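Each chain is listed here by its residues.
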Amino acid sequence: MINIRGLHKYFGENHILKGIDLDIAEREVVVIIGPSGSGKSTLLRCMNYLEEPSEGAISVDGIVLDGEANVNKVRENVGMVFQRFNLFPHMTVLANIMLAPMKVKHIAASDAKQTAIDLLTRVGLADKADAYPDQLSGGQQQRVAIARALAMHPKVMLFDEPTSALDPEMVGEVLDVMRKLAKSGMTMAIVTHEMGFAREVGDRLLFVDDGRIIEQGPPKEIFENPKEERTKLFLSKVL
Amino acid sequence: MEFNTGLVIDSFPLLLIGAGLTIEITAMSVGLGLIIGLFVGIARIGGNKILRLLANVYVDFFRGTPLLVQIFIVYFAVPVITGQRMDPFVAAVSACGINSGAYIAEIFRAGIESIEKGQMEAGRSLGLTWVQTMRYIIIPQAFKRVIPPLGNEFIALLKDSSLVSVIGFEELTRRGQLIIARTYGSLEIWLSVAVIYLAMTITISRFVAYLEKRYKIKEN
Ligand SMILES: Nc1ncnc2c1ncn2[C@@H]1O[C@H](COP(=O)(O)OP(=O)(O)OP(=O)(O)O)[C@@H](O)[C@H]1O
Ligand SMILES: [Mg+2]
Chain A
0 MINIRGLHKY FGENHILKGI DLDIAEREVV VIIGPSGSGK STLLRCMNYL
50 EEPSEGAISV DGIVLDGEAN VNKVRENVGM VFQRFNLFPH MTVLANIMLA
100 PMKVKHIAAS DAKQTAIDLL TRVGLADKAD AYPDQLSGGQ QQRVAIARAL
150 AMHPKVMLFD EPTSALDPEM VGEVLDVMRK LAKSGMTMAI VTHEMGFARE
200 VGDRLLFVDD GRIIEQGPPK EIFENPKEER TKLFLSKVL
Chain B
0 MEFNTGLVID SFPLLLIGAG LTIEITAMSV GLGLIIGLFV GIARIGGNKI
50 LRLLANVYVD FFRGTPLLVQ IFIVYFAVPV ITGQRMDPFV AAVSACGINS
100 GAYIAEIFRA GIESIEKGQM EAGRSLGLTW VQTMRYIIIP QAFKRVIPPL
150 GNEFIALLKD SSLVSVIGFE ELTRRGQLII ARTYGSLEIW LSVAVIYLAM
200 TITISRFVAY LEKRYKIKEN
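Chains A and B supply the protein sequences, listed in that same order.
Those letters in the first sequence? Residues 0 to 238, per numbering that gives the first Met the number 0, in order.
Those letters in the second sequence? Residues 0 to 219, per numbering that gives the first Met the number 0, in order.
These aren't lab readings, by the way, just hints derived from the structure by calculation.
Warning: the hint list may mix true and false statements.
[Unchecked claim] Straight line, CA to CA, 30 Å or less: simulated BS3-like cross-link-like pairs of lysine-lysine:
{"id": "1", "chain 1": "A", "residue 1": "K17", "chain 2": "A", "residue 2": "K231"}
{"id": "2", "chain 1": "A", "residue 1": "K127", "chain 2": "B", "residue 2": "K212"}
{"id": "3", "chain 1": "B", "residue 1": "K158", "chain 2": "A", "residue 2": "K102"}
{"id": "4", "chain 1": "B", "residue 1": "K143", "chain 2": "A", "residue 2": "K104"}
{"id": "5", "chain 1": "B", "residue 1": "K158", "chain 2": "A", "residue 2": "K127"}
Just so it is clear, the structure is predicted and the values come from calculations on it, not from any experiment.
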């Protein structure tokens, strides 16, 4: 579904991603962990071209990301959920979800609304359709953000620390939604510090440090039996 | 010293006609300035390097030179090139509009840049184009934030429009001068003129305060 070859990213002089090769299969859930500043977000953001790779090739569902034209095409197929939700504060929950399907895919308002209501029901927020984002708790906002991304019927969902900005008591409700999504067969790439969740939901775990994938494999194996020194050191701090 | 109340009363209708023209040029100039400012402001943050350069030159030039000189250029210098006399009203609105466009561009730019970066990213990640994201997400939010500085710009321009009296356009200040030339009532007329300007600027700032309250931003 996603194929990355020889990906490098520089911010000015800073070499942030130092040669990433990664293939994510359809229906696979890949969890990315690693220390702060290691390039996890940058890697994820390259997958939908929010960051332009300095070197290397990325394709999503067979379409190579190279110019503006392709990028918009690919983004329709790639949903992204941000740490800080990034809901549109001047629109109701419903309008947040309906905007992109109507403007990008030219779906009729009535159909977009039906989809939005179905998705809100799925994330347990059908009663919040007419609320504004600032009337919702963090956990609720993040569930709306997930529904908003799903409204484009993406083939892949990217999550960048979706629970890091939440109060602890709200983490569970967001992880529940993500768990269900994974079970439904969605292809997902998730950057997270929730190690329990990574272990439970991930098909594959990537440990990223200093712009490189240091180690990867089934989460259980890596948690129980890390091979690389750096992985051991990192896990000893977070587990 | 004697204060001639009768002169004030007699002159008031004429001054009010002038005030009407002051409002007219100010409103039209701000209208022109808003259109120019929106495009120039966006050009200053957009990706196109040539447009950005042009926009920067425009803003620097019109903010960096006196409005009075700009009025002279439009009214006296441009006709030298075109060979056509310029109507004072057209000259006044052009000069003031182009001038305020530069300030309004800066207001829009700052307003747009004050919107959190995540909003553009969220829009783009959903497949919206840059223009669509600007139109549906960024500008509607920025609009609420630029109401107060736009109000200030409106007030500043209303006052600065007195400068077009130099090209003989008979707005409020010019009317005052003409009446004084006839009646020698400097004290009465200049005070009246000042009071009328004050009434207009206070009305605008009240209106802006009302708009600000009405569109009070919902922020998280
Ligand atoms: N737009 C940018 N301009 C310059 N430097 C950047 C930019 N974005 C990220 N960086 C730098 O790139 C490095 C990697 O950032 P990135 O956000 O990918 O790390 P991360 O692994 O997601 O960290 P965290 O766990 O803190 O989110 C950091 O040193 C950061 O300062
Ligand atoms: Mg990050």
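Checked hints:
For the given pair, K17 (chain A) sits about 21 Å from K231 (chain A) by alpha-carbon distance, which is consistent with the 30 Å threshold. For the suggested pair K127 (chain A) and K212 (chain B), the alpha carbons sit about 26 Å apart, so the restraint of at most 30 Å is met. A distance of roughly 43 Å separates the Cα atoms of K158 (chain B) and K102 (chain A); the hinted pair therefore is violated under the 30 Å criterion. Of the pairs offered as hints, the one joining K143 (chain B) and K104 (chain A) holds, with about 29 Å between alpha carbons and a cut-off of 30 Å not exceeded.
Of the pairs offered as hints, the one joining K158 (chain B) and K127 (chain A) is violated, with about 48 Å between alpha carbons and a cut-off of 30 Å exceeded.
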